[in-house]
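S.K.: Each chain is listed here by its residues.
2 protein chains.
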Amino acid sequence: MPDQTYQKEPGALRADARHNRERILEAAREAYAAQGTDVPLTAIARRAGVGVATLYRRFPTRTALVAEAFAEQLSLCAGVLDEALADPDPWHGFCAVIEKVCVMQAVDRGFTAAFLAQFPDGGTDYERVWSRTEEGLAELVRRAKAHGGLRADFAPSDLPLLLLANAGVAAEPREVAVAASRRLAAYLLHALRAEGARPLPPPAPLDLRSVHAERR
Amino acid sequence: MPDQTYQKEPGALRADARHNRERILEAAREAYAAQGTDVPLTAIARRAGVGVATLYRRFPTRTALVAEAFAEQLSLCAGVLDEALADPDPWHGFCAVIEKVCVMQAVDRGFTAAFLAQFPDGGTDYERVWSRTEEGLAELVRRAKAHGGLRADFAPSDLPLLLLANAGVAAEPREVAVAASRRLAAYLLHALRAEGARPLPPPAPLDLRSVHAERR
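The listed protein sequences derive, respectively, from chains A and B. Quick note: the first sequence uses my numbering, first residue 1, plus one each step. Quick note: the second sequence uses my numbering, first residue 1001, plus one each step.
Just so you know, these hints were derived from the structure itself, not from any lab. Just so it is clear, the structure is predicted and the values come from calculations on it, not from any experiment. Using N, Cα and C, we set each Cβ at its ideal position, and we do this for glycine too. Just to be clear, a hint being listed does not mean it is correct.
Simulated coverage check for chain B against chain A, where a stretch passes if three residues somewhere in it have a Cβ under 8 Å from a Cβ of chain A [claimed, not checked]:
hint	stretch
1	1054-1067
2	1158-1167
3	1191-1203
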């Protein structure tokens, strides 16, 4: 009679696989938050305590792993944006997006990496969601200006400017970072109001994608 | 007759010493800019291409090296602040300080490390200049509020908040960083005006010294 103690039931095997998958995704999020999305897969396998072969079997490319690790964040972002686009007051919607994105950035340091991750092989689901997000943001900005809430000289490069400024604050310990992000977002949104706007220096040569490219 | 070819003139020796000193200070500024002020002295000696003994002879403590490496930046800051305190319009002086400090941070990545460096042995010239700078900033804020330019709910912790936000922007490549810092400073100063101020979320638990302590 064969020794059964080392043979697991199919249910237990699936639970193991799920557990490994979660450990890999968790390790990936931590590593990306600390070092950006260029961390080698071998380093992530080591951090997760799984073999490199296990990792490659589940996530054959860096793209697959990044997309999976940040699927939740990206879908949260897309949800926040959809809600804002449905708001009858586009300026109110715009403020809600900035406030929520700033707090997400403070709560989860991997968020910026996720938001700015770009994939050389394009055409992934992740890339499609990203493109939709960019278009949605541009549409929200257009409506908020037309409605008179957002100042007319708000430049496309001001969005990455806000993200970068908030990233500086979000690097503090979490409780500090959240309070600081809320305060910073309130100051910035006040400055972005059309009402009482004053002349500004020219926009910086920034766009969401170039910010990412420079950081790699 | 002894061989003179390996004996240098006193003037040449002094020039060598000056040259070594400059290389050490340059290496220190680079290392601090990249990694903060906790880099071991041995790493700085290696980067400068001098022996550890040479470095220790000139800079016996970390404090001595940091203070010397950033003496120029700190004295620039003190000068900017003195000018602002002499300005008959304290709000104008306050804006000038924020604008200049933001650009200094963008131009020189070691600046934040310098500005926030703290020394366990205190009582150094550097520490004295720092204390004077802190007192001067507090006085400038008090006057700018009393004069009506700066909003009354500007909190002491808003200064490190601005520095952190600008540090996020200053991490970009230099030309981008300078343009982005100018734009960010303009937005923030607009939001700091007493005129048209709106309620804000509570200040974040930040102070210039704790920001530094957390980063170490």
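S.K.: Does each hint hold? Answer for all of them.
M.R.: Hint check:
A stretch counts as covered by a chain when three or more of its residues have a beta carbon under 8 Å from one of that chain; for the stretch 1054-1067 of chain B and chain A the count is 0, and the coverage is violated. Only when three residues or more bring their CB closer than 8 Å to a CB of chain A does the claim for the stretch 1158-1167 of chain B stand; here the count is 6, and the claim holds. Three residues within the 8 Å Cβ limit are the bar, and the stretch 1191-1203 of chain B against chain A gives 10, so the coverage statement holds.
When the structure is compared with the earlier hints, a violation turns up for hint 1 alone.
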